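**Q** Which chain is which? The protein sequence lines are A and B, in order.
Everything in the first sequence is counted per full-length UniProt numbering, starting at 1 for the first residue and increasing by one.
Everything in the second sequence is counted per full-length UniProt numbering, starting at 1 for the first residue and increasing by one.
Simulated from the structure, these hints should not be mistaken for laboratory data.
In this text, all values refer to a predicted model and were calculated from it rather than measured experimentally.
Treat the hints with caution; some may be incorrect.
Stated by the list, open to error - Cross-link-like lysine to aspartate or glutamate pairs, in silico, EDC-like; alpha carbons within 20 Å at most:
1) A:K131 with A:D332
2) A:K363 with B:D256
3) B:K337 with A:E42
4) A:K55 with A:D325
5) A:K336 with B:E252
6) B:K35 with A:E239
7) B:K288 with B:E252
2 protein chains.
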Amino acid sequence: MTLESQILQAVQRVLPENGEPKPLHAPVFQGNESKYVQETIESTWVSSAGTYVNKLQEDLCSFTGINRAVAVVNGTAALQLALFAAGVEQGDEVLVPALTFVATANAVSHTGAVPHFVDVEESSLGIDVSKLETYLKQHAIVTSEGSYNKHTGRWIRAVVPMHTFGHPAFINQLRSTADRFHLKIVEDAAEALGSYEGGRHIGQLGDVAAVSFNGNKIITTGGGGAVLTNNKDMADKVEHLASTAKVSHSFEFVHDEVGYNYRMPNINAALGCAQLEQLPFFLKTKRKLAGQYAEALSEISGISFIKEREGTKSNYWLNGLLLNDPDMEQRDHIIKKLHDHQILARPVWKPMHYLEMYRDMPKMDLTQTESLYARIINLPSGVM
Amino acid sequence: MTLESQILQAVQRVLPENGEPKPLHAPVFQGNESKYVQETIESTWVSSAGTYVNKLQEDLCSFTGINRAVAVVNGTAALQLALFAAGVEQGDEVLVPALTFVATANAVSHTGAVPHFVDVEESSLGIDVSKLETYLKQHAIVTSEGSYNKHTGRWIRAVVPMHTFGHPAFINQLRSTADRFHLKIVEDAAEALGSYEGGRHIGQLGDVAAVSFNGNKIITTGGGGAVLTNNKDMADKVEHLASTAKVSHSFEFVHDEVGYNYRMPNINAALGCAQLEQLPFFLKTKRKLAGQYAEALSEISGISFIKEREGTKSNYWLNGLLLNDPDMEQRDHIIKKLHDHQILARPVWKPMHYLEMYRDMPKMDLTQTESLYARIINLPSGVM
Ligand SMILES: Cc1ncc(COP(=O)(O)O)c(C=O)c1O
Ligand SMILES: Cc1ncc(COP(=O)(O)O)c(C=O)c1O
């Protein structure tokens with residue numbers, strides 16, 4: 001039997017057959033969604049002020065154990081504000097994995113900084129820390145005010161590890177590299193709500209993190225995101241920038257820096273509160289699904305199922321398999337075969353340095369990113 | 001009787017006494033809000049794809065008579081994308097009235113361009129077109145590729161008239177100045193949904209316009225906004241930029257420029273569809289309220305009520321009065337007096353060139369802006 005047929009059969013054994021197409025991820029509303037949203041309409045508090053925004057922030061703090069959460073319009077905005085809070089300014093450089101969703105690089109661009117692409121490694125699908133360390137030793141000059149790229153002359157202010165599909169990147173190891181080069185760690189945790197490294201929720205080990213509540217994420221607010229941080233100054237800065245940098249006054253309109261309209265509306269926060277209540281159930285269900293995939297795919301040679309790294313707990317937001325060898329043609333055959341049977345598998349994102357607008361950005365050797373691009377296939381992962 | 005007491009009495013005659021504080025503006029949900037929002041939750045289509053986003057866009061086109069509408073996360077984002085669609089780039093200058101809400105200038109900053117502040121005139125509270133024309137003749141050099149500021153060397157790409165409180169600015173007159181200096185007209189119509197100039201809805205006369213559906217606007221989506229334009233290329237550009245500049249492909253993730261996550265979520269669009277159905281009723285009610293204020297305030301000397309300009313129809317989003325003479329102390333006395341009686345009046349926004357971050361931007365003489373800042377008082381204007 002061809003590889004694509006073997007995979008199809010295995011996936012079909014896992015996914016319930018109901019004649020419907022199997023999307024990669026779809027939201028599930030089985031809790032208080034209607035009730036809470038309805039309340040915001042009845043109270044007319046649907047917009048920026050409202051109790052659900054505060055509740056969502058508090059609930060996120062309880063869930064993650066992180067001191068402060070600021071709810072915003074989406075994950076991209078959360079990341080942009082987190083970068084500002086980390087001190088990133090126009091004309092700086094920010095280290096970003098080349099294997100990521102485009103929003104990671106875009107958020108850097110939106111601050112006026114330049115994404116500088118770094119490679120990933122296979123066990124975490126996140127930044128290859130030792131490769132990064134070696135690279136920075138060669139290409140960055142450390143000064144008392146920070147490090148700069150010796151080729152471009154630009155300050156390198158931050159590094160943005162991304163927790164791919166919910167699998168924790170190596171933040172502990174990254175810390176010592178970041179410290180040595182005076183870099184802030186801004187975690188792109190868009191996909192990682194409910195993921196843990198050594199018992200601590202993602203976002204605890206970096207300086208500041210951004211999560212997403214987009215429609216395809218583990219919980220959704222329609223569109224939304226949040227900045228999580230234990231650093232009070234950073235949280236205050238994010239809150240200020242997100243609300244047009246308005247200075248408190250009884251009736252005058254005074255703003256003290258260029259701000260944004262990025263606060264999450266209360267109606268979206270209401271949805272989020274209901275979703276967050278169900279997160280433990282979603283996590284359990286997704287872990288079970290991952291286990292089923294792992295088992296069903298275990299006997300097929302030439303591929304492996306992507307599992308959580310030892311010492312970490314993944315939220316298994318998005319399941320995926322790895323071809324043993326990079327092979328775009330094979331990858332696309334498998335995806336097409338699955339699509340033919342209504343299983344909407346997909347490849348990983350096109351690496352950042354392959355995209356037109358990021359082609360000429362600074363980058364290191366990206367061999368592993370390029371290889372993984374030709375090996376990863378994501379599988380339907382919603383709670384069913 | 002003191003002026004503040006006379007004004008208090010007049011306003012109290014207009015506003016229903018019910019022991020509640022009178023906010024400047026609060027949303028009213030008396031239609032299909034719950035029903036439509038409920039539908040998005042039941043269908044699970046709360047996020048970026050969904051039928052209400054399309055419906056809201058179509059309904060906006062029908063209502064305004066403008067060919068294309070693109071629903072986005074808020075008015076600030078709408079303005080930023082409209083500026084991009086008009087060809088504004090990093091390092092350009094954009095002409096912006098100094099008398100506006102900070103978002104107008106911020107949206108320009110978010111594109112990487114520099115706001116260049118221009119003065120307003122009293123009858124429309126919008127840009128003083130003849131003053132602008134004279135100013136540009138002195139300070140801008142016209143070339144075949146556009147005009148540039150002869151002092152800064154930067155291209156001046158666009159002008160952003162703002163329709164203050166819903167009162168139409170002089171776009172017809174602005175057109176000839178804009179054409180002479182090769183400027184695009186990007187209307188900040190955040191406050192002007194339901195306002196008309198010579199029978200044509202706001203946004204018809206400029207190149208592209210941005211409206212807001214923030215919680216304090218004439219209709220609300222929680223947070224939201226839309227770009228309106230008759231120009232297909234501009235609309236396509238806005239749509240593309242708003243959805244991460246993703247290029248259509250059956251499963252690959254390809255993006256061809258630095259994009260944004262600015263699409264309006266479907267749950268917010270659902271609220272907007274219900275609100276838009278009630279807009280004719282809101283307009284009627286607000287016009288009636290404006291008439292009552294006009295009458296109640298008509299006999300007080302030293303002030304006048306702000307009325308729609310001849311040949312235009314204002315949505316009377318926010319009512320206001322004008323002191324005959326600029327007097328900050330008097331203005332604040334009146335506001336405090338009203339606040340003491342739970343009437344949450346407020347002054348107009350602090351002019352842009354008074355704000356820290358915009359102090360050093362290029363600007364013309366701003367006498368009228370400065371004078372109006374010390375004369376305007378806004379009054380509670382919600383549908384009651
Ligand atoms: C890795 C990554 N970063 C950033 C984002 C941006 O989040 P959002 O879509 O909420 O803007 C996403 C999700 O879309 C993502 O997967
Ligand atoms: C004149 C003006 N421009 C822009 C905006 C921005 O709209 P939004 O608050 O939806 O971002 C507003 C409203 O807040 C406004 O009044």
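**Q** Between K288 of chain B and E252 of chain B, does the CA-CA distance stay at or below 20 Å?
**A** violated (55 Å)
**Q** K363 of chain A and D256 of chain B were given as a pair; does the straight-line alpha-carbon distance stay at or below 20 Å?
**A** This hinted pair holds, its Cα atoms lying about 19 Å apart.
**Q** Need the status of pair K337 of chain B, E42 of chain A: alpha-carbon distance at most 20 Å?
**A** Roughly 31 Å separates the two Cα atoms, so the pair is violated.
**Q** Quickly compare the C-alpha distance for K336 of chain A and E252 of chain B to 20 Å and report which way the hint goes.
**A** Measuring from Cα to Cα gives roughly 12 Å; hence the hint holds.
**Q** Assess, step by step, whether the Cα of K35 of chain B is no farther than 20 Å from the Cα of E239 of chain A, and give holds or violated.
**A** Violated, at roughly 33 Å.
**Q** Assess, step by step, whether the Cα of K55 of chain A is no farther than 20 Å from the Cα of D325 of chain A, and give holds or violated.
**A** Between K55 of chain A and D325 of chain A the Cα gap is close to 47 Å, so the pair fails against 20 Å, i.e. violated.
**Q** Can the restraint linking K131 of chain A and D332 of chain A be considered satisfied, given a maximum Cα separation of 20 Å?
**A** Violated: K131 of chain A and D332 of chain A sit about 30 Å apart, past 20 Å.
Taken one by one, the earlier hints fail for this structure at numbers 1, 3, 4, 6, 7, listed in ascending order.
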